[in-house]
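Chains as they are written, first to last, in the numbering used here: chain A, 1 to 435; chain B, 1001 to 1435.
Hints may be right or wrong, so weigh each one.
Subject to a maximum C-alpha distance of 35 Å in a straight line, what follows is the list of computed DSBU-like cross-link-like pairs (lysine-lysine) [said to hold, decoys possible]:
1) B/Lys1090 to A/Lys7
2) A/Lys386 to B/Lys1245
3) A/Lys336 to B/Lys1386
4) A/Lys90 to B/Lys1386
5) A/Lys114 to A/Lys386
The set of hints was computed from the structure by calculation and includes no laboratory data.
Protein chains: 2
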Amino acid sequence: MKFIPVKGTRDFYPEAMRMRNWIADAWRAASLRNGFEEYDSPIFEYLDLFTAKSGDEIASQLFNFTDRGGRNLAIRPEITPSLARMVNAKINALPRPIKWFSIPRLCRAENPQKGRLREFFQWNVDIIGPQDELADAECVLTAVDAMRQLGLTSSDVQVHYSSRELLSEVLESLGITDQGAGEVMAVLDKRNKLPADKFDAMLSDAVGGSDAIAGILRFLDAGSIDASASPEEIAADAGINAGEKALGAIAKLQAFGGYLDAFGIADWCRYDTGIVRGLAYYTGIVYEIMDAGESLRAIAGGGRYDNLLEVLGGPGVAASGFGMGDVVLGILLEEKQLVGDLADRVDLFVVDDSPELFSEVINLVGRLRSIGLAAEFSYKRQNVGKQLKQADRRGARKAIILRNDGAFIKDMASGEQTACVLDELLSDPASVLGR
Amino acid sequence: MKFIPVKGTRDFYPEAMRMRNWIADAWRAASLRNGFEEYDSPIFEYLDLFTAKSGDEIASQLFNFTDRGGRNLAIRPEITPSLARMVNAKINALPRPIKWFSIPRLCRAENPQKGRLREFFQWNVDIIGPQDELADAECVLTAVDAMRQLGLTSSDVQVHYSSRELLSEVLESLGITDQGAGEVMAVLDKRNKLPADKFDAMLSDAVGGSDAIAGILRFLDAGSIDASASPEEIAADAGINAGEKALGAIAKLQAFGGYLDAFGIADWCRYDTGIVRGLAYYTGIVYEIMDAGESLRAIAGGGRYDNLLEVLGGPGVAASGFGMGDVVLGILLEEKQLVGDLADRVDLFVVDDSPELFSEVINLVGRLRSIGLAAEFSYKRQNVGKQLKQADRRGARKAIILRNDGAFIKDMASGEQTACVLDELLSDPASVLGR
């Protein structure tokens, strides 16, 4: 009998687990520093919850099953529907803004590829309540703050943002609405992933009119949203028919840019009309975080989704947030050689000089651990040299050597060895260990 | 449309999440202090892996499903089979002893009851390699260490241990072997959960001979394993037919007791012949951790399982470990009122005296977060008093008030307010915040 893990899932051996924890710890620390509280949902939910949000086509990406009670259930492929369900259930009891984060394990029945697995972890950061670009900007700040903690800089990654609302307005002014708009957006979303000729052909198919194509391309090529220009000037520059909603969307982009600036992260961010986001429920600012070379999949994606709580049976409450997966981020951190030495280190490794002292070894280990120190020992009764070698492999900072003539403490880095009074070590470890 | 979570699963709103994290943090800290490394496995595996270990009857407790590739998969109901699979796959590359822990999310298709849910978290601690009761004792020490960190004492909980090997020998000496032994053990495992008359009737059914019943009851009533007595004396006292394997099992219980003593946790532990453990794969020392009142389900259970790696296609390598769930432990910690104030606190809450200073507020917040401080602000432009009230609700330690005549820092506990030089705060926060 030979057992293997399922394709697209990962075994986290200790080294891989330390890497996963290192990333998750940075996500959690950035979340708390930015004023978010952690939540979590069950790993499986009623299937309906996921199809209500994203339509039946999401069902093909789900691991779904029927339990003994005949319930149609699914492993969560994303946490946003569960977030909306939880918020809706307590909407009147929760003080706003609701600033929540989570680091769920998610599963999708996809074909495993580079950067895309069937099981992964995704940091989710959401602000529910304010219909204000400040919330979009604060989510982006939180993402940048975590990436900064992991050692990435604005030369390594960029937040590409645009306005889904403005794009809708532009398409509408060109006579492209409803389902047609959805199809065109799906093509635009692939612009960075397709060869130019293929993109042109698909866009032409979806649009079906050369005037409209010219208008779309002119909008896509408009490169920036000037903070000091008026919305009317910006619209004119980009060839946008300046209706009230389009001007409003431009003003929101300007406000968003102003907040990024005030938060001190303008150099991490750039306006990019190519950002569309596949999912239908975004309603305003949208963004993706890309590596500078744009050779990897998006590291994160998010935006404003003001209708989702209502779609899932709640009141009309504004919301904005993003998801950042661990897989692409992990690839980037390794490419940039930002993963340092993550090995767990023990404070003390207790060694005996002869086997009859072994019960004293484990007695001391038990006492050291009971006062909060990480202490380790060898299961094999072997000579001091071999035990010290094991201490070294475990990354021990110091070794305690028990001998018939007393106890000694050895600094593993310097090799320096001195006599050690065990009662002192146990009553005031900092004075002996120098911390 | 109204969506609800599936029966037996939990929504972790921030308060519940903090409690879950508090427990998991104690588990993780105790694991690292005791020299264990963290690992994790996928949330789903091939169904075969779980049925190979525990038989087809486990399948009724599984959430299983077939994916689009026709694979028979299941959400993990326990992590030990995955642990054995992972260790087997790298058995020659892993230095021994393999001391690993994990805090997996597990799912079982059970009827939800007090202390038993369909989705829960379980701390798993295992030592693979040493065929030595020292490993059993070190796992117990690690469990005790975590419970100690959570505020429990030996008056609150006790580790009840016995020897599955000794029980097998006793049954065999009474002529009860193989399947009969399995049936009798299943009855004995229920002794603490059944009324006495019902237990007697079931035992009588399973054994079918009054001599054997008397022998079993005499063994069950033997209360202690004296460290200074010989195995032969102990066997005679308990009416055990002193074959070589029975004497060996008694000697192992004595060794185990000696290690508990050397580790300084003898007062947390007691010999209890009533401990059997339901699962078939235990081979030596077994234990359960119970609340002192024994009014709850077991907090943890474990023991030695020397055959499992081999059953799952690997070499014959000894192993020992336990699982501790979050549900019963959580109930006990709440009953004992050991759950303190777990609220996330922010270091600084930045307030403005008038709306035109707001962009300075968010600029300062961005800079404070970038140097690692937890800083928060109000989304609503409202007067200083209301903003300070919000700061208080968020547990802020200090507030920074930006006014047209300068910045001020207010200690939220004492109410004391002084002028604040922002450049000093940003360049040397410890000097200003007094930490």
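Hints breached by this structure | 3 and 5
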